[in-house]
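Novice: Sequences and hints are given; from them, build the entire structure.
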Amino acid sequence: MEDVTGATVSEIIPSGRDDVVEQLNAAGSAFRWGWLTLIVALILGAATLPWGLIVWLVAAPHCVRLRLRDSSLNKPNIKVSVAA
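Start counting the sequence shown at 148; every next residue gets the next number (our numbering).
Read the hints as simulated data drawn from the structure, not as lab findings. Treat the numbers as computed from the prediction; the structure is a model and nothing was measured. One or more of the hints may lead you astray.
[To be verified] Derived Cβ-Cβ restraints for the label pairs, each shown as a range:
no., residue 1, residue 2, range
1, Asp165, Leu196, 28 to 34 angstroms
2, Pro197, Ser218, 28 to 34 angstroms
3, Gly153, Arg179, 30 to 36 angstroms
4, Asp165, Leu200, 48 to 54 angstroms
5, Leu220, Asp150, 20 to 26 angstroms
Virtual Cβ for every residue (Gly too), placed ideally from N, Cα, C.
Specialist: Spelled out as structure tokens, the structure:
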């Protein structure tokens, strides 16, 4: 995929059906980092208490962001409209 920001309509080439399939396959095979990061942060924080509280405070937003990213990989962003 290329960035087409600022491109005119005549410069944009329509994508084929295989592009969507490739994107779905890439999203389906992406590694899920959210749970792994959460488990590592919990263990590392517990092992280094009382400094582990800092580890947990730093890791918490990253774990949330990764979980949201992982959940978005399960939802394809394909919109289908049916003409009536």
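Novice: Each hint needs a verdict: does it hold in this structure or not?
Specialist: Hint check results:
Our hint of 28 to 34 angstroms for aspartate 165 and leucine 196 is violated, since their Cβ atoms are close to 52 angstroms apart. Range check, proline 197 to serine 218: Cβ separation about 32 angstroms, and the 28 to 34 angstroms hint holds. Separation of glycine 153 from arginine 179 is about 34 angstroms and conforms to the stated range, judged on CB atoms against 30 to 36 angstroms. Checked against the hint of 48 to 54 angstroms, the C-beta distance between aspartate 165 and leucine 200 comes to roughly 49 angstroms, which is consistent with it.
For leucine 220 and aspartate 150, the Cβ-Cβ distance of about 21 angstroms falls inside the hinted range of 20 to 26 angstroms, so the restraint holds.
The structure fails to meet hint 1 from the earlier list, while all remaining hints are met.
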